[in-house]
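Engineer: Here is how the chains run, residue by residue.
2 protein chains.
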Amino acid sequence: MARAMSTLGEVGEFGLIAAIALATRAGSGVEIGIGDDAALIVLPSGKALITTDMAIEGVHFRTDWSSAYEIGRKCAAANLADIAAMGGQTRALVVAFAAPASLSTEWALQLTQGINDECEGEGASVVGGDTVRGDAITISITAIGEVNDSVEKPITRGGAQVGDIVYLLGQTGASAAGLEILTRGMSSAPGLVALHKVPKPPYELAREFATFGATSMCDVSDGLAVDLAHIADASGVTIDIKLDAFDISDLQAAAEELEMDPIEWVLSGGEDHAFVGTLPAEQSPPPAARAIGVVCVRGDSAVTSAGVALRSHGHDHFSA
Amino acid sequence: MARAMSTLGEVGEFGLIAAIALATRAGSGVEIGIGDDAALIVLPSGKALITTDMAIEGVHFRTDWSSAYEIGRKCAAANLADIAAMGGQTRALVVAFAAPASLSTEWALQLTQGINDECEGEGASVVGGDTVRGDAITISITAIGEVNDSVEKPITRGGAQVGDIVYLLGQTGASAAGLEILTRGMSSAPGLVALHKVPKPPYELAREFATFGATSMCDVSDGLAVDLAHIADASGVTIDIKLDAFDISDLQAAAEELEMDPIEWVLSGGEDHAFVGTLPAEQSPPPAARAIGVVCVRGDSAVTSAGVALRSHGHDHFSA
Numbered sequence: 001m002a003r004a005m006s007t008l009g010e011v012g013e014f015g016l017i018a019a020i021a022l023a024t025r026a027g028s029g030v031e032i033g034i035g036d037d038a039a040l041i042v043l044p045s046g047k048a049l050i051t052t053d054m055a056i057e058g059v060h061f062r063t064d065w066s067s068a069y070e071i072g073r074k075c076a077a078a079n080l081a082d083i084a085a086m087g088g089q090t091r092a093l094v095v096a097f098a099a100p101a102s103l104s105t106e107w108a109l110q111l112t113q114g115i116n117d118e119c120e121g122e123g124a125s126v127v128g129g130d131t132v133r134g135d136a137i138t139i140s141i142t143a144i145g146e147v148n149d150s151v152e153k154p155i156t157r158g159g160a161q162v163g164d165i166v167y168l169l170g171q172t173g174a175s176a177a178g179l180e181i182l183t184r185g186m187s188s189a190p191g192l193v194a195l196h197k198v199p200k201p202p203y204e205l206a207r208e209f210a211t212f213g214a215t216s217m218c219d220v221s222d223g224l225a226v227d228l229a230h231i232a233d234a235s236g237v238t239i240d241i242k243l244d245a246f247d248i249s250d251l252q253a254a255a256e257e258l259e260m261d262p263i264e265w266v267l268s269g270g271e272d273h274a275f276v277g278t279l280p281a282e283q284s285p286p287p288a289a290r291a292i293g294v295v296c297v298r299g300d301s302a303v304t305s306a307g308v309a310l311r312s313h314g315h316d317h318f319s320a
Numbered sequence: 001m002a003r004a005m006s007t008l009g010e011v012g013e014f015g016l017i018a019a020i021a022l023a024t025r026a027g028s029g030v031e032i033g034i035g036d037d038a039a040l041i042v043l044p045s046g047k048a049l050i051t052t053d054m055a056i057e058g059v060h061f062r063t064d065w066s067s068a069y070e071i072g073r074k075c076a077a078a079n080l081a082d083i084a085a086m087g088g089q090t091r092a093l094v095v096a097f098a099a100p101a102s103l104s105t106e107w108a109l110q111l112t113q114g115i116n117d118e119c120e121g122e123g124a125s126v127v128g129g130d131t132v133r134g135d136a137i138t139i140s141i142t143a144i145g146e147v148n149d150s151v152e153k154p155i156t157r158g159g160a161q162v163g164d165i166v167y168l169l170g171q172t173g174a175s176a177a178g179l180e181i182l183t184r185g186m187s188s189a190p191g192l193v194a195l196h197k198v199p200k201p202p203y204e205l206a207r208e209f210a211t212f213g214a215t216s217m218c219d220v221s222d223g224l225a226v227d228l229a230h231i232a233d234a235s236g237v238t239i240d241i242k243l244d245a246f247d248i249s250d251l252q253a254a255a256e257e258l259e260m261d262p263i264e265w266v267l268s269g270g271e272d273h274a275f276v277g278t279l280p281a282e283q284s285p286p287p288a289a290r291a292i293g294v295v296c297v298r299g300d301s302a303v304t305s306a307g308v309a310l311r312s313h314g315h316d317h318f319s320a
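If you read the sequences in order, they're chains A and P.
So for the first sequence, my numbering puts the first residue at 1; every next one is plus one.
So for the second sequence, my numbering puts the first residue at 1; every next one is plus one.
It should be emphasised that the hints constitute simulated quantities derived from the structure, not laboratory data.
Among these hints, one or two may not hold up.
Short, incomplete list of chain A residues facing chain P, as computed with Cβ under 10 angstroms [said to hold, decoys possible]:
| hint | residue |
| --- | --- |
| 1 | Asp36 |
| 2 | Leu40 |
| 3 | Ile56 |
| 4 | Arg62 |
| 5 | Ala81 |
| 6 | Met86 |
| 7 | Ala96 |
| 8 | Gly129 |
| 9 | Asp130 |
| 10 | Ile181 |
| 11 | Leu182 |
| 12 | Ser284 |
| 13 | Pro285 |
Backbone N, C-alpha and C define an ideal beta-carbon position, used for all residues, glycine too.
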């Protein structure tokens, strides 16, 4: 029914919720799903990891650059990555969604499909939400997850020890490069643009890293240099990184074309939702982890390269 | 530090988060609170109730009518009430917050204080959030709770049985009356206006009702008639209410002054966050519950009064 009606104003709040519920398969452990005052999910560990992430049209995404499906994938990924960064696995999402009444119902259902598909690989599902009227399309997702039995305890930002090796899981920079290409209205490097629209966080690798005895970990969402500083500050250490340790082969051609330094993308890129963390030096890492630095005694700066302070890169949400 | 800086743009995202963390006391059972990728809370029952509710400036609240503190109380209450409507108690909230960079930091901290104070009575606390830039102030809260041991199972909308008595817990109508007074720019009935700004959901009474063997319950958030229809539809029954069963004494004077029918406020009022539910006829209710109708065999209409269909009252978020 909902698909035949063209706008949210026509289908109405309850029509939209019914259509979303139809498009959404409740995952295992969901005792009460979409449609009541609250959902009920089973968490055998008796402990819930909780994170939330809000994205707003014109600030975090543009509907002329990304499809509703892509926006759904990316918004869900931001939340799933936060849970994985603790060594956890997401069980359920709730989605609060604001849009003007003139928005097409199909757009909202494509967004739903993107969220559902990103959840699928993690074994999570949407269990509830809220739909309201607003001038700007706004998507606010909360993820609830658990730390798997194979991980001793959640991995925080605060456990890095002097002498630990710093590892990058996944890559940063592709999303920042893709955004630059979109901003300039160019059509080059479709692979980088695609990774800006739909990041591919290595969720499973983050959990594997946790089982290897990670002393700290976080999702790279504010920019690699900024997120390394979060670990350094929370752990009371300085992190020294090697700028030649990164794999920039996928960025090189675009960087030359745009006359930019690829390492800037690597250090400022956050929307790739890679992970960064630390392991004791004597511990072999998962094969896919890339060593990018070491943990040092706290000095004047949170993050350095060859002992020299790295100037601040990354995103403050209230900056222009 | 944050209080000395006047706007969010000046204090920055991380300065705001630090100030919010300082103003927020982690409740019991919070193993990891504000400041990491995700929070970790203990849920001894192994089951999580989850609900989410989004409010947008100009749609759900006006900053010239309500203070930041009042808005915080009300936004938190909408979530706490959804958890209580299942017979549950909220353990933790996460708060996603969007605002322009020009917003005063003090406003954001007063909002935080309102949220914290509303949580206090329920034993809940804010454990995390997200702060982003947006043109309209947007507050998207997710609450995670548990069903207390004293309640056998969560109370859904779907369990009303023919012959059950329908009870209202708390009152509806005051918030709608208060809104009407504000809309007309009048200064009468400050008590009703205050209840529009900060509702007083009877959380404890909802949980007490659950322990009495409630067959169904929901939070009245869309309007009493609409929410009764939700129970009727989910349960496959018709609910017949007695229009003279309501206590309209607090509304009478304002209704006369505004030349309106107080029963319209009672039937359309949702923002009071009262509760409505059903008990078997042989079960005595909690003393504070008010019998307002009976559950009948499903007829043509979800909700009737003396057998006559009640015309639709209430709120569709995508209507103008």
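Engineer: Hint isoleucine 56 (chain A) vs chain P: min CB-CB distance below 10 angstroms?
Structural biologist: Given a least distance of 5 angstroms, the restraint on isoleucine 56 (chain A) holds.
Engineer: Checking hints one by one. Is proline 285 (chain A) an interface residue toward chain P, by the C-beta closer than 10 angstroms rule?
Structural biologist: violated (20 angstroms)
Engineer: Is the hint on leucine 182 (chain A) kept, meaning its closest Cβ partner in chain P is under 10 angstroms away?
Structural biologist: With a closest approach of 19 angstroms, the leucine 182 (chain A) hint is violated.
Engineer: Hint check: is the beta carbon of serine 284 (chain A) less than 10 angstroms from a beta carbon of chain P?
Structural biologist: Constraint on serine 284 (chain A) not satisfied, violated at 25 angstroms.
Engineer: Identify whether the interface hint at alanine 96 (chain A) stands, where standing means a beta carbon of chain P within less than 10 angstroms of its own.
Structural biologist: Result: holds, 4 angstroms to nearest chain P Cβ.
Engineer: Does the nearest C-beta of chain P fall within a distance shorter than 10 angstroms of the C-beta of isoleucine 181 (chain A)?
Structural biologist: violated (23 angstroms)
Engineer: Less than 10 angstroms between beta-carbons is the criterion; does aspartate 130 (chain A) satisfy it with respect to chain P?
Structural biologist: holds (5 angstroms)
Engineer: At a threshold of 10 angstroms, is the proposed contact between methionine 86 (chain A) and chain P supported by beta-carbon distances?
Structural biologist: At 5 angstroms from the nearest chain P Cβ, methionine 86 (chain A) passes the 10 angstroms test, so the hint holds.
Engineer: Hold the hint about arginine 62 (chain A) up to the distance rule: shortest CB distance to chain P must be less than 10 angstroms.
Structural biologist: Given a least distance of 14 angstroms, the restraint on arginine 62 (chain A) is violated.
Engineer: With a cut-off of 10 angstroms on the beta carbons, see whether leucine 40 (chain A) makes it to chain P.
Structural biologist: holds (5 angstroms)
Engineer: Identify whether the interface hint at aspartate 36 (chain A) stands, where standing means a beta carbon of chain P within less than 10 angstroms of its own.
Structural biologist: holds (5 angstroms)
Engineer: Measuring from the C-beta of glycine 129 (chain A) to each C-beta in chain P, is the shortest one below 10 angstroms?
Structural biologist: Given a least distance of 6 angstroms, the restraint on glycine 129 (chain A) holds.
Going down the numbered hints, you'll see the structure goes against 4, 10, 11, 12, 13, while the others check out.
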